Amino acid sequence: MTGIALHHYLALSAILFTIGVVGVLTRRNAIIVFMCVELMLNSVNLSLVAFSAYLGNPTGQILVFFVMTVAAAEAAVGLAIIIALFRNKQTVNIDEINIMKW
Amino acid sequence: MLEQIVHSVKLLQPETALAVTFCVLLVLDLVVRRKSNLAAWLALLGLVVTAFFVLQQASSGQNSIFFNMLAVDSFSVFFKFVILASSFLIILFSLQSDELNSGTRRLGEYYSLIIALTLGMFLMTGASNLLMMYLSIELTSISSYILAGYTKEAEDSSEASLKYVIYGAVSSGMMLYGISMLYGLTGAVDIYGINRALTEGDINLMALMIASILMVAGFGYKISAVPFHFWTPDVYEGAPITITAFLSVASKAAGFAMMMRFFKVSFLDPTVGNLAMGAWASFQGFEWNQLLAAISVLTMTLGNLVAIWQNNLKRLLAYSSIAHAGYMLMGVVVLSNEGLAAVLIYFVVYLFMNLGAFYTVMIVANKTGSEDIEAYKGLGYRTPLIGVAMTIFLLSLTGIPPTAGFVGKLYLFAALINGKWFWLVVIGALNSVVSLYYYVRILRNMFLKTPERSAEPIQFSFAHVTILLVLLIPTILLGVYFGPLVEYAQASLVMFGIQ
Numbered sequence: 001m002t003g004i005a006l007h008h009y010l011a012l013s014a015i016l017f018t019i020g021v022v023g024v025l026t027r028r029n030a031i032i033v034f035m036c037v038e039l040m041l042n043s044v045n046l047s048l049v050a051f052s053a054y055l056g057n058p059t060g061q062i063l064v065f066f067v068m069t070v071a072a073a074e075a076a077v078g079l080a081i082i083i084a085l086f087r088n089k090q091t092v093n094i095d096e097i098n099i100m101k102w
Numbered sequence: 001m002l003e004q005i006v007h008s009v010k011l012l013q014p015e016t017a018l019a020v021t022f023c024v025l026l027v028l029d030l031v032v033r034r035k036s037n038l039a040a041w042l043a044l045l046g047l048v049v050t051a052f053f054v055l056q057q058a059s060s061g062q063n064s065i066f067f068n069m070l071a072v073d074s075f076s077v078f079f080k081f082v083i084l085a086s087s088f089l090i091i092l093f094s095l096q097s098d099e100l101n102s103g104t105r106r107l108g109e110y111y112s113l114i115i116a117l118t119l120g121m122f123l124m125t126g127a128s129n130l131l132m133m134y135l136s137i138e139l140t141s142i143s144s145y146i147l148a149g150y151t152k153e154a155e156d157s158s159e160a161s162l163k164y165v166i167y168g169a170v171s172s173g174m175m176l177y178g179i180s181m182l183y184g185l186t187g188a189v190d191i192y193g194i195n196r197a198l199t200e201g202d203i204n205l206m207a208l209m210i211a212s213i214l215m216v217a218g219f220g221y222k223i224s225a226v227p228f229h230f231w232t233p234d235v236y237e238g239a240p241i242t243i244t245a246f247l248s249v250a251s252k253a254a255g256f257a258m259m260m261r262f263f264k265v266s267f268l269d270p271t272v273g274n275l276a277m278g279a280w281a282s283f284q285g286f287e288w289n290q291l292l293a294a295i296s297v298l299t300m301t302l303g304n305l306v307a308i309w310q311n312n313l314k315r316l317l318a319y320s321s322i323a324h325a326g327y328m329l330m331g332v333v334v335l336s337n338e339g340l341a342a343v344l345i346y347f348v349v350y351l352f353m354n355l356g357a358f359y360t361v362m363i364v365a366n367k368t369g370s371e372d373i374e375a376y377k378g379l380g381y382r383t384p385l386i387g388v389a390m391t392i393f394l395l396s397l398t399g400i401p402p403t404a405g406f407v408g409k410l411y412l413f414a415a416l417i418n419g420k421w422f423w424l425v426v427i428g429a430l431n432s433v434v435s436l437y438y439y440v441r442i443l444r445n446m447f448l449k450t451p452e453r454s455a456e457p458i459q460f461s462f463a464h465v466t467i468l469l470v471l472l473i474p475t476i477l478l479g480v481y482f483g484p485l486v487e488y489a490q491a492s493l494v495m496f497g498i499q
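Listed in order, the protein sequences are those of chains G and L.
Just so you know, our numbering puts 62 at position 62 of the first sequence, and the rest follows in order with no gaps.
Just so you know, our numbering puts 492 at position 492 of the second sequence, and the rest follows in order with no gaps.
The following block holds chain L by itself, in its conformation from the complex (with noise of 0.2 Å):
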């Protein structure tokens, strides 16, 4: 036992690092004076040390940690990689972000929070029992209710705050009763117990359905899937954008993780054989997969076609946040190792582009104070840089090659075709011809109308520059060389517990 927990804390350590952070954040924002970015600093480099730690976790193999509360695999380690990247980005952001650095804002904890913010991700990814998932869940959601209402003095950001508790305390309790649902049918809380009991008895699968799907209500709203995404895009619109960006991206990852870890583990069958390299079956009469197959058409379908109407940035790139949501989950209903990875691409992509279109507004509305399409008139004229770097993230977003976004299709279709799910297949090209609508708005609206007269151009600094092209030569770089990715992608799909 004492054995046991002394192995599991070694492989606890990325995750010590953050709570460490984390402490060392909200006792330092009592000591030094308002106007300082030393927490900033010192989150980034809390950050940096807690990816050494899990690039040592990268070689160490599968384990599970603490009797089976916490998978330490190459699974999770992929997406703890997306979620660093993810977050010491955002910090980096937020340095530069006006919306968060005027007036008389302590940020220390704002900073505190975002690292808070990552170790509930961290644990997200790793979680293997109900409780943990459970508890990782509330952490992740309690400290992004008050990071999206951090500018409080802002009517719409508490309004947004207001509406993500309502939203994220109803899904949590349904998914808490499809917890306790799940431990009566099998009298375990670890996802193996789970797997072990329903290959030995015989549940009864009304029952296990209704669990399941109280359990997506939570998967769901974490990755913000229809009908589960109704505070979706007033979240976005009111939280700061560096807050925004963030859920889109790290939290969106961290809830697929969790799901896809749920679902492999839980349901699979491990006594059917003789199938194709890779796939895998779930239990008999228990197809959970055309469930998810069903939310999955929804999901894109309603992100592109509302996103139509929209004039706000914000709100647009929420519902094609939702849209991407969609794809990926295409990605989850092939049950197939392929299907896997493709999401695993997919994360990577996103991040990159998803992040660039948000930092791009970010700067713009901090040079006109507004994220309406109509301030972005003529951009491309007044700013070329930015103008072209929007550009490519849009293009990128569509999945037009030879940008990333192409790549993360190309995949994702790929994984499809080969589980012969071609009805979705159409479903999802359709909508990426849908989505192409209203990011070629943008475009027009850069590109092909005249700015006002009063318009000028947007400065930047070196550190914008800087920044934008971290972003930008990725999403260009993974169009055209993507070997690698798919490679450490496809080695990253080992889970423990599953052979």
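Just chain G, same shape as in the assembly (with noise of 0.2 Å):
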């Protein structure tokens, strides 16, 4: 336990965020692309709770769980969003879904 700082969690918390946010620009998988989404926000329940740990404050913990409900509502309508293009389309990739531009 001596061993890790609060700076380690932080530092973990980041390189998951960016590679989260990495993943959204590259990937091309719309499936993927939410699963990068959900990587960023477990990042940030990460850095919550290694805050509120530290602070001694359990706000932070709080916080976490409204995080991880809104998170699970949002990817049910995500999903089912993607359902709807793909009767459409026959596809999720995303560089095919593109009949708007400019």
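Everything labelled a hint here was simulated from the structure, so no lab data went into it.
Note that the coordinates shown come from a computational prediction; the quantities given were computed from them, not determined experimentally.
Take the hints with a grain of salt, since some may be wrong.
Here are the simulated DMTMM-like pairs of lysine to aspartate or glutamate, each with C-alpha atoms no more than 25 Å apart in a straight line [to be verified]:
#  : chain 1 : residue 1 : chain 2 : residue 2
1  : L       : LYS152    : G       : ASP95
2  : L       : LYS377    : L       : ASP98
3  : L       : LYS152    : G       : GLU96
4  : G       : LYS89     : L       : GLU371
5  : L       : LYS420    : L       : GLU487
6  : L       : LYS152    : L       : ASP372
7  : L       : LYS152    : L       : ASP98
8  : G       : LYS89     : L       : GLU99
9  : G       : LYS89     : L       : GLU153
10 : G       : LYS89     : L       : GLU155
11 : L       : LYS367    : L       : GLU155
12 : L       : LYS367    : L       : GLU452
13 : G       : LYS89     : L       : ASP156
Below, a sample of chain L positions facing chain G; criterion: calculated Cβ distance under 10 Å [said to hold, decoys possible]:
#  : residue
14 : GLU138
15 : SER141
16 : ALA154
17 : GLU155
Here are a few chain L residues that sit away from chain G, every Cβ distance over 12 Å (derived from the structure) [what the hints assert, rightly or not]:
#  : residue
18 : ILE5
19 : LYS152
20 : SER157
21 : LEU176
Quick reminder that beta carbons are idealized off the backbone N, C-alpha and C, glycines included.
From these two lone chains plus the hints, build me the complex, please.
The structure is reproduced here in structure tokens:
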């Protein structure tokens, strides 16, 4: 325990967040894009919990519960929309979802 | 504790009324038959009841309820009125939209989601806790994702919806990261606590700047400011027109309300005295308004320049709404009450002129099935009423006197000049000139081109004319008689926690 300080958690959280953002920007499959968004949210949860433990203040952990719930709701709506789109176009590749430009 | 909760519940009546309406509509959808407009009328009834409760709140002074979760003050009441008016009008639009009422679509869910969206925006106007901000943004966003894709058999509608979800999820993720940093820096999640922590302790300015940039990502996405605007044109083009109109006015108003409250309350330095009347100071060395000034210039310039190339009217109005968000951001940059009042005035004006423009596009699309600028050829001769109404809305959007849009811009520019932001005024004025070009393109098509031989006049009913007049009369009237509006906006600047 003595070896792991606040900044270790924050660094891990920042790395996970960056991986999430890069994934959203580079991946072409809509479902993987959603997984990367989940990664971003979970990295935030990690930093909230770390701050909460560091400050000795439980508010951060309560925030995490709400973030998890909202993330689940958002994923449900997102997957439903992907299905609606798949019925129209038979693809979930973002490069082919391009009837509107500029 | 119990006393505080009882007191809070009393002040939550408008939101409760909306939540009840939402549940009633959901259940109703299971029992009534498909082709019934009952849901729409019930939704309107719910909005009227809500308006009654908001009116009561208007006289209840400044309060903070549920342990600083929500503020109920003049500022939030003002925005609640703007949001209520637009959702009322949007439900009326929806009753007449052929796009929605064709086929065997069930519309009960549609109206219940509009009510849920209104509820989310109500909470956004009062949110004074980072958790409440996040939850209310998500409530608005998730409802609008579904509504944007409501005509799901149309390819562009589901594409719009997917793009909306992805951009929305990424920017709310970024905002959350900002929230976690702010929480870590200050140990507080309500904006008053954040302000106290910033006043007392010395905070790492670099970290604070990064946290507020991340917060701006969340706000910027809601108000569609550059560089978080990428979803706007696609979603506005693909979504049903009614939803596009709703997002362009109400959702933007809620985003602005939340952003102004967050920046003003958390970063106000109460120790700085002797300022000019109505001006306020932000913390030493922390100039978040410079950041917003840059975003504002980018937003209006990009919005106006790209709008020039658009041929689809919905897409054109989408870029024009991006540009208008840029104008309104100028009012926030000034750091004075005068600037905020100008934003409030602009929103009322914008409500009528922008909804009017979208309504006209909807009437034309109902008849011709097209939103292309070519469909407007000779409209001024085929259907003079619609042509003249569209002309007035577009001139007002440009800001030409004696329309309401001129008054909105006048107060914005006056606030900027009093705040000594001359370069921003010049850029704003140049942008208005650019915007004239693409608005006039539509006018030219309507009046200077001859209609195609086959084009028939557009039929409209008494209900169409009534709604058109409801939007048209304020657009002209507020251009010549704006005293009461200005006074009301100036009286509505009181936020809880600020003297």
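Status of the hints after comparison with the structure:
| no. | hint | result |
| --- | --- | --- |
| 1 | L:LYS152 - G:ASP95 | holds (20 Å) |
| 2 | L:LYS377 - L:ASP98 | holds (22 Å) |
| 3 | L:LYS152 - G:GLU96 | holds (18 Å) |
| 4 | G:LYS89 - L:GLU371 | holds (23 Å) |
| 5 | L:LYS420 - L:GLU487 | holds (23 Å) |
| 6 | L:LYS152 - L:ASP372 | holds (21 Å) |
| 7 | L:LYS152 - L:ASP98 | holds (15 Å) |
| 8 | G:LYS89 - L:GLU99 | holds (21 Å) |
| 9 | G:LYS89 - L:GLU153 | holds (10 Å) |
| 10 | G:LYS89 - L:GLU155 | holds (8 Å) |
| 11 | L:LYS367 - L:GLU155 | holds (21 Å) |
| 12 | L:LYS367 - L:GLU452 | holds (15 Å) |
| 13 | G:LYS89 - L:ASP156 | holds (11 Å) |
| 14 | GLU138 | holds (5 Å) |
| 15 | SER141 | holds (8 Å) |
| 16 | ALA154 | holds (8 Å) |
| 17 | GLU155 | holds (5 Å) |
| 18 | ILE5 | holds (17 Å) |
| 19 | LYS152 | violated (4 Å) |
| 20 | SER157 | violated (9 Å) |
| 21 | LEU176 | violated (4 Å) |
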